[in-house]
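Q: Given the coordinates of chain X, work out where chain S should sit on it, guided by the hints.
Number of protein chains: 2
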Amino acid sequence: MKKIGVAILGLGVVGGGTYRILENRREFFKRTQGLDITVESVLEPNAARLAELGVPAEKAVSNIAEAVCDPDVSVIVECIGGVEAARDYVLGALHAGKTVVTSNKELIAKYWSELERTAKAHNAGLYFEASCVGGVPIVRTLLDGVQANEIDCLMGIINGTTNYILTEMTEKGVSYEVALEAAKSLGYAESDPSADVDGYDAAYKLSILASLAFHTKVPLSKVFREGIGSVSEEDIADGKALGYRLKLLAVGKRSAEGIEVRVHPAFVRGDHPLASVDGCFNAVFLTGDAVGDVMLYGRGAGSLPTASAIVSDIVYAATHGEHRYSTFRNTAAPEKDVKFAADFKSAYYLRLTVCDEPGVLAKIASVLGKYNISIIELIQRQAGEGKCTLVLITHETHERSALNAVAKLNATDYAKVESLLRVAL
Amino acid sequence: MKKIGVAILGLGVVGGGTYRILENRREFFKRTQGLDITVESVLEPNAARLAELGVPAEKAVSNIAEAVCDPDVSVIVECIGGVEAARDYVLGALHAGKTVVTSNKELIAKYWSELERTAKAHNAGLYFEASCVGGVPIVRTLLDGVQANEIDCLMGIINGTTNYILTEMTEKGVSYEVALEAAKSLGYAESDPSADVDGYDAAYKLSILASLAFHTKVPLSKVFREGIGSVSEEDIADGKALGYRLKLLAVGKRSAEGIEVRVHPAFVRGDHPLASVDGCFNAVFLTGDAVGDVMLYGRGAGSLPTASAIVSDIVYAATHGEHRYSTFRNTAAPEKDVKFAADFKSAYYLRLTVCDEPGVLAKIASVLGKYNISIIELIQRQAGEGKCTLVLITHETHERSALNAVAKLNATDYAKVESLLRVAL
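Here the protein sequences line up with chains X and S, keeping their order. Residue numbers for the first sequence follow the numbering used here, so the first one is 32 and each next one is one higher. Residue numbers for the second sequence follow the numbering used here, so the first one is 32 and each next one is one higher.
Just so you know, the hints here were simulated from the structure itself, not pulled from any lab data. As the structure is a computational prediction, the values presented were derived from the model and not from experiment. Some hints could be false.
The list treats identical chains as one, so a pair stands whether inside a single copy or across any two.
[As the list claims (entries may be wrong)] SDA-like, lysine to any residue: derived pairs with alpha carbons at most 25 Å apart: (1) 447 / 56; (2) 151 / 402; (3) 439 / 384; (4) 151 / 355; (5) 253 / 113; (6) 34 / 356; (7) 34 / 351.
Excised from the complex, chain X in its bound form (with noise of 0.2 Å):
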């Protein structure tokens, strides 16, 4: 039986759940893979943490050298976090020759050119299915499920931090403080919860999804990016009325225009099948020129989930004889002849503040004309004051007729714009 030994450096919440997966289903793996895979060392300097996870003392490595070196590990699982440090250890690794197995986005968004080129030069493979979408195994769907396809579309809820708060406002009606309260409290935000709440988590990610989808380089530099600290709980009401939910929305298309990619708060119809991806749950929806529509679903972070990942990638690599890498050139910079949307297009919800007189509403319309852009729907309601507000979905215009438009009517002495929003249709 093929007997592979596993280094993991880092034993947080995805290294210990990937340590208890290893140590627990031992057995289970000679059984369905012929498979043995033992854990021969780990990096962690927390003494507790060790205890509490029950490793022995003997494999409790003070040095990522002692991990590298060892002659009986074949996988470094890489699960320590931060960018330079990781990138350290994983070129060291990939230099020794060793497969190396991430949960890294960061790492990976910022570092594959590097990465992938010295895993080439030393035969040692590179695997970061945990890296986007926890155990959702979008990365090999990509790679392995869907080559037959040119994919155009790419849409994906893959922030759980964030869908957990827009779904609580969407659900209970409460206030984004109040939602990221209850994140934190579960567990579900960090304290500092940037990285989640402003898009550079789901930045990383679509950084990598869209690459693998488009087969070139998608630099983290031309992911647009938005986050939700601005939604409010009315615009979540408003939209609701209308039968959108809003999500936090990582986008990929590619046209003649070229590609574009964008991480913003975007209303999604009821009846998507990404509506309904509530509290914690991920998923990737893709389109492909074969296969149609397709969609994958399930938890896109958390111990076990992300560990799973990490887990089948270990497995994917020992029992697949060659190292695959992305089939793209592997340069920094995306290819010449790729071209990278100035502009996007999409339809909006706005929601104006305006004077309650006849005529406004003919105003407001003629301003968007100019523009080219046309409404689809629209709610009015009394606001008092002698204002009403108006609540209003447009059909697809580019980005910036839509922004200068609502510089256009805030410029007026009628019309106030209160918020702007994306929707995918």
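A: The following block gives chain S in isolation, referenced to the frame of chain X:
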């Protein structure tokens, strides 16, 4: 660049789609996969079909041996359908050491062991992603995406024809016969629809998926099967009023009592991710001990979606150095220590016509109670002529208890059970 010569046996819906993708996407696969894939020969007796697809005369062969013996052909795509001839052809190709890619679920469900043994013996590949749920990469996910997990439950809507019919009945309130005619006129149902509506197609797929999920051969003979032919619009409407949607569900479960596999109509709660899988869409929902709930959703049939799976298998076979086979022991029978549950547990929907007299409800509840069946929800309405209709949903109980209770009720003079349907809680 690696060259892959393909022969396609049968240019029907799926074979034709495969031909089209390979012919139209040759440059795409060169660029994205580093593979030059060419169709070297096709076996298709229908000259009109060859002309329709624009197949050059020199590629049309008249005999399986011409394709199998061609040294330029390394992959044989089997799309002729049926079982016995397909089996001969596939065995011949495997004997010659060719990689076989097939969409033939009946062939795999019935002859998997023999085919796999032959493939191993001749170091040939055997791939069948297209046999289950069209372009949705569920086979790949079970083999390569969730291997870290013990999977205890798998539920799927894995037949597009029946899902289209049930969706029509649910949304338009039409009868089974009307919905079936609509499905036929759209080409979603065959003129003899029994393979779909009687659940055979879903049973083939469930036998394959459950075998992969549970790592042991789950023979077709173990699959309990009940079709949708006797489903009434009244039951669908009553279930809808209680918040459920009726689906032809394929269920695989593993528990201390053994493995249970069954295909039958079942009500799914409206808030379950499977409930909104409508029309021709399919989905498989599975639960792993580490990853938790995962769902894959997409088109379960059709020319290009199914061809997408075939072509993805061709690419996979060409880019992975080693053939992988199922990891259960390769016998036609399940392994000796595998138990199959003789009975299964489910919640139930019952519709009864009862005498509208005092005390009848108490009598019915008492009969159910004797079989340890308790009621979750109940609707009573007048049915005229001194009768009432009772619609009730029970807690989970054994199928045998439910059937015995129904027989007991039907033996009384105050109640008649009009329908019994299972409910997936």
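Q: If a hint holds in the structure, say so; if it doesn't, say that too.
A: Comparing the hints with the structure gives:
1. Within a single copy, residue 447 and residue 56 get their C-alpha atoms no closer than 60 Å, and across copies no closer than 51 Å, so neither meets the 25 Å cut-off.
2. In the homo-oligomer, the alpha carbons of residue 151 and residue 402 never lie at most 25 Å apart, since the shortest distance is 50 Å inside one protomer and 65 Å across protomers.
3. For a Cα distance limit of 25 Å, the shortest separation of residue 439 from residue 384 inside one copy, 14 Å, qualifies, whereas the shortest one across copies, 67 Å, does not.
4. For a Cα distance limit of 25 Å, the shortest separation of residue 151 from residue 355 qualifies both inside one copy, at 9 Å, and across copies, at 23 Å.
5. Taking identical chains as interchangeable, the C-alpha atoms of residue 253 and residue 113 lie at most 25 Å apart only when both belong to the same chain, with a minimum of 22 Å there against 51 Å between chains.
6. Taking the shortest Cα distances, residue 34 and residue 356 sit within 25 Å of each other both inside one copy (24 Å) and across copies (19 Å).
7. Taking the shortest alpha-carbon separations for residue 34 and residue 351, both the intra-copy value of 14 Å and the inter-copy value of 21 Å come in at or below 25 Å.
Hint compliance for this structure: hints 1 and 2 are not met, and every other hint is.
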